[in-house]
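A.B. asks: So the sequence lines, in the order shown, correspond to chains U and F. For reference, each letter of the first sequence is one residue, going 1 to 764 in the UniProt record's numbering. For reference, each letter of the second sequence is one residue, going 1 to 764 in the UniProt record's numbering.
Honestly, the hints are just simulated from the structure, not real lab data. Hints are not guaranteed to be accurate.
[Unchecked claim] Below 30 Å or equal to it, Euclidean Cα-Cα: the simulated BS3-like pairs (lysine-lysine) are:
| # | chain 1 | residue 1 | chain 2 | residue 2 |
| --- | --- | --- | --- | --- |
| 1 | U | K215 | U | K225 |
| 2 | F | K280 | F | K480 |
| 3 | F | K660 | U | K644 |
| 4 | U | K692 | F | K660 |
[As the list claims (entries may be wrong)] Going by beta-carbon spacing under 8 Å, a handful of chain F positions derived as facing chain U:
| # | residue |
| --- | --- |
| 5 | V316 |
| 6 | V438 |
| 7 | A627 |
Note that this is a predicted model, so its numbers are computed, not measured. Ideal Cβ placement from N, Cα and C applies to all residues, glycine included.
Here is what each chain is made of, one letter per residue.
2 protein chains.
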Amino acid sequence: MSLQLPSEVPVSIETVRVRKENVRDVIILCVSVSAAQKWMYGGLHNNILLQYLAWVTYPVVLITFSAGFTQILAPQAVGSGIPEMKTILRGVVLKEYLTFKTFVAKVIGLTCALGSGMPLGKEGPFVHVASLCAALLSKFMALFGGIYLVRCRNTEMLSAACAVGVGCCFAAPIGGVLFSIEVTSTFFAVRNYWRGFFAATFSAFIFRVLAVWNKDEETITALFKTRFRLDFPFDLQELPAFAVLGIASGFGGALFVYLNRIIVESMRKQKTINKFLLKKRLVYPAVVTLLVSTLTFPPGFGQFMAGQLTQHESLVALFDNQTWYKQGVAEEFVYSSEVPQAWKHPQVGVFITLLLFIVMKFWMSALATTMPVPCGAFMPVFLIGAAFGRLVGESMAAVFPEGIHADSTVYPIVPGAYAVVGAAALSGAVTHTVSTAVIVFELTGQISHILPVMIAVILANAVAQSLQPSLYDSIIRIQKLPYLPELGWGQEKYNIRVEDIMVRDVRYITLSSSYRDLQEALITGQLKTLALVESKESMILLGSMERSQLQSLLSQQLSRARRLEYLRERAQDNGTHVPTFPQDSPSRTGCGVRFLVCYIKSVYITFVLGTFNSFTFFLKKCIFQIAEWEEQQLDEAVNFNNCKIDPAPFQLVERTSLHKTHTIFSLLGLDHAYVTSTGRLVGVVSLKELRKAIEGSVTVTGVKVRPPLASFRDSGNNSSVSEVTELHKLWSRNRSLLLPREPNLPDLDDQTETQRTCREHDAK
Amino acid sequence: MSLQLPSEVPVSIETVRVRKENVRDVIILCVSVSAAQKWMYGGLHNNILLQYLAWVTYPVVLITFSAGFTQILAPQAVGSGIPEMKTILRGVVLKEYLTFKTFVAKVIGLTCALGSGMPLGKEGPFVHVASLCAALLSKFMALFGGIYLVRCRNTEMLSAACAVGVGCCFAAPIGGVLFSIEVTSTFFAVRNYWRGFFAATFSAFIFRVLAVWNKDEETITALFKTRFRLDFPFDLQELPAFAVLGIASGFGGALFVYLNRIIVESMRKQKTINKFLLKKRLVYPAVVTLLVSTLTFPPGFGQFMAGQLTQHESLVALFDNQTWYKQGVAEEFVYSSEVPQAWKHPQVGVFITLLLFIVMKFWMSALATTMPVPCGAFMPVFLIGAAFGRLVGESMAAVFPEGIHADSTVYPIVPGAYAVVGAAALSGAVTHTVSTAVIVFELTGQISHILPVMIAVILANAVAQSLQPSLYDSIIRIQKLPYLPELGWGQEKYNIRVEDIMVRDVRYITLSSSYRDLQEALITGQLKTLALVESKESMILLGSMERSQLQSLLSQQLSRARRLEYLRERAQDNGTHVPTFPQDSPSRTGCGVRFLVCYIKSVYITFVLGTFNSFTFFLKKCIFQIAEWEEQQLDEAVNFNNCKIDPAPFQLVERTSLHKTHTIFSLLGLDHAYVTSTGRLVGVVSLKELRKAIEGSVTVTGVKVRPPLASFRDSGNNSSVSEVTELHKLWSRNRSLLLPREPNLPDLDDQTETQRTCREHDAK
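So here's chain U without its partners, still in its complex pose (with noise of 0.2 Å):
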């Protein structure tokens, strides 16, 4: 960890700066949006259509012009972004999404879609945004040279980058770097737990000191800051009211995650509104945006939901210290002075709007996240969450208007805490987080709540992940991007090896191949690379080559230089007349006709032939030599001398258990690796297999049926034994290596053997 400072530094802060631009944007321009959008409202009040008009058409307009400016510039900046960034930095290269174009598309689809108004959060895109200032930094830093280059490092500098864009959202660094820590890793290496911190904590500091500078602040406080009395935060007998406030956020949470995914699938399903969708793109935003603004028309149904506030309004009055079922009750720790209004119907009480806000603001979100924009959930949720916290809070209240009793003391109940608890526990379950407690500690700046909010987080967790997967890994799940799940805690996990689960047909190619053999292999195989064996007998692994590679070895041996110098070879040989093609000589026609020809044969086109009737019998006469000479020259043994190999393919053995090479995959962020056995290769793993192998047993739901492969075998109870293997079975392997191979050795066969060996373990 020593040296990692001077490299680190300007970095960071660069990307801090870039950031601090964006923030600022972004800021600036919702905040006079929303103005403006208050202002045109506010002006008409005498007029409820033109109010109604000028409320509704803000909205439609900005996330029309959003998810239309998104579509055409890049198509990828649509949505949150965390599921992506889990992806990439699982390995994967996904294309696109970390370009300069898909930068100006997130950053100013996000600016209209936030200024909207409607239910869609920032955190999740100014994730994307920050590692796309990361991934940009980093492409404009590698012109110098140095550090940059190293791919390695780009992984690097995107987990900083997620730490930045959470941090900078909630103006939580610590919060920031565990939450992207949580929602894109599966391991994570402790050297780079350190950058997080430094970048995070200067993107935090950047985007608060902004509010000082503009002289919104006097100095650098929290973003929703609490005024929680100190002295005695909570009483021990409120506990269980916050541990069950966090189990029924962990049903929130699932249910929402749920909800999400539903109207995702239900508008794939049905065909016909998807083809209508699919050609009016930006039908589906804007009917939802009328929808949802409609819906919350002040003076309409809003007013019995706080229609009327923005999502920060609305937090600022849920995290306040008073309680609004029965004014006065907390009178001595009141410090703001006005009652939150819009929350305070004349007609209905609070828990009615409270629900109905709750009720309403639930579905909303979960639509409007389905919206073609760049947006996130996190902050919706977390309102939603802050609503039911507060209802909660504010019934215990009005159960216990004298508090609980603690001695003599009378402390009446903070409905406000209940709040604070509630946004954690339900932002919690729907990204399966356990950093939103320091989120919220951070955001509101009050740490008192530590124990109610910790214990609520957790068992929120423990309820929304034994239920659905996290709204990041459902999205995941609903864009069928490569993911790896997580392995559940059963048992039988330990018994499955990879040889139940590898693909045993490898396509692979050997030191004596043909040219044609590299053809077909090219065409049949489908992973990245292909395998290098040394024959075909031994199938000792050599090395791998990436497909690109073989492709340009085979375009290569039919180059089009190659075969011009052919057939003059040819021409001369049979001393008949042959263009000698020399560079702009009249004779480029028929060098543009072999081009054609060539084009013609790989992609069969014949109908261009019709348009060039004159070459009519030039063309067969060549395309018959062409094709004779192509069969020679596939048949040819590949030269591979010129050719790049990696002599260090991820290998696995036979008996690696399923938990070893999920770790594994996992850990090294591996697409595929090789099975070989004492130095052969005899078969191949991908992400796939792995994929099926793990949800076999667990599925999207989370319920647990036994894996198919594990029914087989003796779920004995020591794993070790299963990895360790007697050598006479070894040895009449390797035997039976060297003979060709069956495409499936008989599993049960094997298990008969197993099971003896752990017998006779057993027995000593």
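Dock chain F against the given chain U, drawing on the hints supplied.
C.D. replies: Quick look at chain F alone, frame taken from chain U:
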């Protein structure tokens, strides 16, 4: 993640319960012991000599008892335990560190050490105690079978236990989890994160609930609750002061680690002292305690350094929100009525007292933590940091008595906040962690100073990490525990490859090995496992076998039963009389003799023969026969049939970069890995070689030198080039592998070839 709850909950809760008992014991004992000392000291206020004796006797007796007790019962209980836990979590098995004996020794030794009032901490021992609880619980639960038998679960339990240890020491669940991750892990599985939080939250809860049940507190609050103002925690213009405080703490932290190491090393080097201390182990702790307690004697020198305060009292005073320098300035936010009198000496000012406190405590803590008792260094360092911060804060308050003006309002400076920042920064610098920031928030219950704390901690870390290893790493090096240093970030690291550092002269056994080869391999090899290759010619790696396996094979072959069998057969062949050795017959003497012969043969204690004069002739004959027989036996080929082989030892390829090797070693906690080239064993890399290679470039003090191996090598910009090789090279190496290998290929040849490869690549 979805199914981890049911399996984890019972353990964590039980762990916590066990912990609870310890915590209570320790606290009650410490408090009562301290009270006894104070009472005795207070009751003797007329006679200063008796006072001195009372003041000094208690610590000396307690520390001596603690040292003696741990020495006798379990010397493994000495020290903090974090370095050992770090080593254990790396996958190294340290014997006796997780036994019940150690547990008893640690708990009792720690209680006495803490009760002595010496500057010793309890966070490290708590981590060890919690881990002991976890290990013992796992062992206990394993009796009932199930999940606890799986080895990798134990690691998970231990990592959760570390979090519990820190968490209940400071009542800081979040900080505890993060701190334990930072000090014990290199790579962290995010799926364990949740468990850590779960366990640590419960431990912190139980720890703090005890205070409520004991009626010490009304409800659960922070351990060292501060009451800084919330509206304007600090001025932006104070940030440079905080930054300076952080940087100074960084230097201080590095100095502390250096001082601690120097003390230990100088004691070891002075041979006469060392000899004396090894004989009289209790003298050293007694002398140190005497020295320290004499200097803190309140009527003596102690009056200038608040000697009569315990660590807890000092810390409460230092975090006080008043200004000591000039009372009255901070009147408006005085909560606690009493001014800490201990810090106000009538003759000398607060500055002198603080300065003396810092200087004296600094070397005292560094000295005291070298005593052979269970103790940690975190708390003493934390205290020194707080004092240093208070000193800076008081100076600031003296320089700006009216506070730094922010617009119109006057906000006086809060020196207590500087104390908090200083404590976090210094402890962060000594331990190389950022999470001390989170710990102080949880300890003080206030998070309003998040930015100053984060900035100071990060700067302190940056400085300390570039000067010295962390205290725990320093202890690991002193104790010569197996460890893997962090990779520095020099470019040249990417240019060392496994082939440069591997040991080419690997000990191996082949399928056709005789028992004699086995014996030789066992004698000359150092590693815990031996490689099994197909044959000497092919060198194809089949797997690895544990030493113990081979030893039992060997001893089976030369076993007494087989020897007797042979003798009997031989005797029957010759027709001579031979004892038939029925059970309980008198001829068992002969049997005993033969056993002796075997014994003699192996350890060459020939003089024993003299006492068996009557058996001399018989013996000589036997010895000859047996020697002959053994020679025969040793020449037989090994029968591996009943032998367990690990078919998947970890393999690297020659071209694997040092960086990748380091990552894989630290990720998977490897001890050694075989280096293979297309399935053929060509070398082995163990932790030792890796350590040497890394430390060749980064020395202990952090000064960077060029690694010896990289100096020959072109440090081209693109590291990916060096991992991809050209086939003709690979191929020619393959051929050379078939020939008998040279023990050390000339590095230079290789080098020039690599250079050529790079250049060719660059030229393209």
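A.B. asks: For the pair we were handed, K280 of chain F and K480 of chain F, check the Cα-Cα distance against 30 Å.
C.D. replies: Distance of about 23 Å is within 30 Å: holds.
A.B. asks: Under 8 Å, Cβ to Cβ, is where A627 of chain F needs to be relative to chain U, so tell me if that hint holds or is violated.
C.D. replies: Constraint on A627 of chain F not satisfied, violated at 30 Å.
A.B. asks: Would you check the hint for K692 of chain U and K660 of chain F, treating anything up to 30 Å between C-alpha atoms as holding?
C.D. replies: holds (29 Å)
A.B. asks: Was the hint right that V316 of chain F lines chain U, CB cutoff 8 Å?
C.D. replies: violated (16 Å)
A.B. asks: Restraint: V438 of chain F near chain U, CB-CB cut 8 Å. Satisfied or not?
C.D. replies: holds (6 Å)
A.B. asks: For the pair supplied as a hint, K215 of chain U and K225 of chain U, confirm whether the alpha-carbon distance does not exceed 30 Å.
C.D. replies: holds (17 Å)
A.B. asks: Do the alpha carbons of K660 of chain F and K644 of chain U lie within 30 Å of each other, as the hint requires?
C.D. replies: Holds, at about 19 Å.
The earlier numbered hints that this structure contradicts are 5 and 7.
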